[in-house]
Amino acid sequence: MPYVLGAGLLALALGAAVFTLYALLLRERFLGFAATTIVALPLGLVLRGRGRSGVEPSRREALVAVLVSWLLLPTLSAAPYVIDGGMSVLNAVFESMSGFTTTGATVLTDFSTFGKALFMWRALSQWVGGIGILVLFIAVFPQLAIAGRQLFFTEAPGPTEERLTPRLRHTAVAVLSVYSTLTLACAIGYRLAGMSVYDAVAHALTTLAAGGFSPNGLSFAGFQSSAMEWVAILFMFFAGANFALLYRAATGRPRDLLRDAELRTYTLILLTASGVLTLLLVGRYSPIDAIRHSLFQVASIVTSTGYASADFALWSLPAQMLLVILMFVGGCAGSASGGVKVMRWLVLAKGTTRELVRALHPRAVLPVRVGERTVPEEVVRAVAAFLTLYIGLFAVTTLVLVMLGADFVVAFTAAISCLGNVGPGLESIGPMASFADLHPISRGLLTFVMYAGRLEVVTVFVVFTPGWWRSPPKRTSVPRSSTRREDSERRMRGAES
Amino acid sequence: MIPPVRLPVRPLTRSEIGRGRFLPYVLGTGVHALSMAAAIFTAYAVIDRQPALGFLAVVVVGVPLGWWLRSAGNADAEPSRREALAAVMLSWVVLPALGALPYALGHHMSLLNAAFESVSGFTTTGATTITDFSAVAPSLLLWRALTQWVGGVGILVLFLAVFPQLAIAGRQLFNAEVPSPQDERLTPKLRQTAMAVVGLYMALTFVCSIAYYLTGMGPFDATAHALGTLAAGGFSPNAESFIGYGAATQWVAVIFMFLSGTSFFLVYGTITGRKHSVLRDAEFRVYLAIQLVAGALLAVLLLGENLAPLDAIRHGLFQATSMVVTAGFASLDYQTWSTPAQAVLLALMFVGGSAGSASGGVKVLRWLMVAKITGREVRRALHPRAVMPIRIGGRIIPEDALRAVAAFLTLYVGLFAFTAVVLVFLGADFTAAFSTAIATLGNTGPGLNSFAPIGELDHLPVLGKLVLMFVMCAGRLEVVTVFVIFTPGWWQLPRRRPRV
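Line order of the protein sequences matches chains F and S.
Here this note's numbering is used: position 402 in the first sequence is 402, and no number is missing along the way.
Here this note's numbering is used: position 135 in the second sequence is 135, and no number is missing along the way.
These are calculated hints, taken from the structure and not from any lab test.
Note that this is a predicted model, so its numbers are computed, not measured.
Backbone N, C-alpha and C define an ideal beta-carbon position, used for all residues, glycine too.
There's no promise every hint is true.
[To be verified] Quick list of simulated restraints, FRET-style, between CB atoms:
1) Gly-427(S) x Leu-404(F): 23 to 33 Å
2) Ile-392(S) x Ala-395(F): 33 to 43 Å
3) Ala-247(S) x Asp-407(F): 29 to 39 Å
4) Ala-33(S) x Pro-287(F): 50 to 60 Å
5) Asp-437(F) x Ala-33(S): 56 to 66 Å
[Unchecked claim] Counterexamples of contact, computed for chain S against chain F with all Cβ distances above 10 Å:
6) Leu-85
7) Pro-138
8) Leu-204
9) Gly-269
10) Ile-271
11) Leu-279
12) Val-413
13) Gly-414
14) Asp-458
15) Val-484
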């Protein structure tokens, strides 16, 4: 654990150092970046010195590493917002958490208080958060079998059995290369569509992370360029797709794209919802504009990006309702998008249908299938529990926000938007507004909700189980029947490092 | 060569004798009972010089229909699962249809509104399209209350005798007297228990009406309210529900609403001395705790609305109980309450009373199970191979029941969201749509905003009313029952051995 944390902190220190120089170059305030560097560097060095890279962590330790990283990095990166941007500490942590969780909810009301460097820092935090979550989803959660994650990658080995295999490591590298390549392509796309280099980079970083921060207070509506919006639609679509699948398609198996059940459902949802939304918007915009705005907004909400090509908080109630429902969907597993994820909905729908059939045939043996694969029972169970927890946290958050003075619609949309890492809500927290007017406790709670939503809820709630706080039993590693060969392999690896 | 399989020769079972004869028997019995009640109402209306045509129509249609159905059926017939499910669904269509006649004939109600009112009654929901209560004859208001009471009897029989055997939506474990699921028919013991529970329901209704009378209601109002209270229905013959009555009456209502949401098995067991302590019952404890906590929370919130402390406690408890047991009575116009207080009411609508009562909603026992399932999965993140059976009140819950409950909740929430979307598309605002969706699905009754306890549902478009009628029925019949007909297997012809 210390090793992982240390590595993260060193990367952060490096990034902050670069930004210190960048801010100096732009003649903007740089003390915040410098402060982050100064704190993160020694801390990272110490932690890294204490940890070892080859060690195989226990489940508990792996979970702690994840939970602590997503707390420590956002907190440290909040310093520039406070020192250079003049934000309160709570707001800065909110903003920073919103970045690292790729949410995109903002408490920024006056966009002129931030310098260019600070906006880029904000965008970069989302991109880095995207990398973090991809690594987590590909390398860590499937092994820990969290919230049904073991199912989401064909590449992932059987649950709880193996460590990061060379094959898995290969997948992680492949996925990250897809992510980087797409980001680069997206930036070029934006530039060609007419953005400045700075805006193109800042938006590309947050598009692929399905984040949604924009240095422009009006998001994409501030550019009034349909070309840019079409580019954004395309890359948001990619941002919500399974990167491992895209990699396979790019390296010679394009037919996999068509055969993938999740991608098909994802595309179907996008097209259907855009179709309905177009019909609802035709009165407000010309047909072509209605199609563009619909596609843009649906892609932005489903992938949990949160960009706005228009102020949808002013649309008709049915149109708004549609967007709210879409906030529950989420992109594909294996992307940096938030939300429940299409794959989980598929498993859930099939699991529920099975129970209906069972009402008629109680003894039938009916395996749940998604695509060509049979879903193991424990995954069906884990997905159901995940959703219960998800909806439960959503309901509690809504209730607390209402108690603290928000009205129904604001509370409801703030809760799902933060839990699903989408970003904007409706009414007073709409895409052109900010979360700054909410009660301070509400903002604190929403910070936690973004965190919990990003880490698949279950991960966070493990901390609240009584078993978590008991001192670990003697055998701390994952209970498994290690063979002699594995033991010797491990010893060899230990010797290498 | 494979030798031909020789099937053992056996005598015909009762299920084979009576195939297809359970459904008409059940339907016929229901229709008969209803037409008998209608006959009494006809007499009452004639004597009291009120419009009697509708009641008479129920008798004229119901008596021959019921006679015909009963003659086609057989009391001893054992149904297949498909037939039992069909009987349940048809009952909740035929009886409301028949019960709608008095509203439609002679009372200037549109056919749709009459059907809506009737469905709302038989599902013990309590949502109404009536806006001007003074224009409705007292006999019809009493009929309205009676439909709820009859709906309550129906649902008790269903929950006690039919669903546990069909193992629907985790129902199999809701009552310890039920034999092992799926295998047995209505045992004499079960039939006896069902009779006893229905008897208890009647007795409580009687006591409740007396108590209402003693605390200052007229005999008519006392009867009508008692019928609506024990069924957890919520129809009141007044436009203002309980708002106009004194504190004593409201306290009586709190007590009987609380009882109406308690498991009748538990009450029966306590009375007959078989259960020693109600507080040892896991579901009852949670049920009680929810009401007390919610009541206290509401009382605190109501203190901010300039109510005296005692009044705040009374209204808090009244409204909390009314929402939890899905009655839907109002002791104050909660439409004018602050948003936080309304949010608490809305959240409570999702709770529902105990299993084994006539209340609607998800039910406390299911929430207990869902909480335990979820807790188990969270712990599994740490110990993926641990075997953790789920216990409630000392009993281990079978895995298939847990799965069924999870599926039930998914369908329930899914239908809720769908209904809310439809209502928004039909012109409702967010608050009205969400509150009406859960209030009808949970069989509570009135929602918030434009569909509040006093402003009514009348201005909803036709499609909206139809959807809400469906939702009320689906909610009442445990959702799963209704959605079974959307599975492809339902429409396939039964094979030779239809019993699985």
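A quick look at each hint next to the structure:
1. At roughly 30 Å, the beta carbons of Gly-427(S) and Leu-404(F) sit within the given window of 23 to 33 Å.
2. Checked against the given bound of 33 to 43 Å, the beta carbons of Ile-392(S) and Ala-395(F), roughly 22 Å apart, lie outside it.
3. Our hint of 29 to 39 Å for Ala-247(S) and Asp-407(F) holds, since their Cβ atoms are close to 32 Å apart.
4. At roughly 59 Å, the beta carbons of Ala-33(S) and Pro-287(F) sit within the given window of 50 to 60 Å.
5. For the pair Asp-437(F) and Ala-33(S), the beta carbons lie near 59 Å from each other, so the given range of 56 to 66 Å is met.
6. The Cβ of Leu-85(S) does not lie farther than 10 Å from every Cβ of chain F; its closest approach is about 7 Å, which violates its non-interface assignment.
7. No beta-carbon of chain F comes within 10 Å of the beta-carbon of Pro-138(S); the shortest separation is about 38 Å.
8. The non-interface label for Leu-204(S) is consistent with chain F: the shortest C-beta to C-beta separation is roughly 32 Å, beyond 10 Å.
9. Here Gly-269(S) stays apart from chain F, with its beta-carbon at least about 28 Å from theirs, past the 10 Å limit.
10. Distance to chain F confirms Ile-271(S) as a non-interface residue, since its nearest Cβ pair spans about 34 Å, more than 10 Å.
11. With a minimum CB-CB distance of about 24 Å to chain F, Leu-279(S) clears the 10 Å threshold, and the non-interface call stands.
12. The beta carbon of Val-413(S) sits about 7 Å from the closest Cβ of chain F, which is not more than 10 Å, so the claim that it is off the interface is violated.
13. With 10 Å as the threshold on Cβ separation, the claim that Gly-414(S) sits away from chain F is violated: the shortest Cβ distance comes to roughly 8 Å.
14. Every C-beta of chain F lies more than 10 Å from that of Asp-458(S), the closest at about 21 Å, which supports listing it as non-interface.
15. Not every beta carbon of chain F lies more than 10 Å from that of Val-484(S), the smallest distance being close to 5 Å; the non-interface claim is violated.
Hints 2, 6, 12, 13, 15, counting from the list given before, are not met by this structure.
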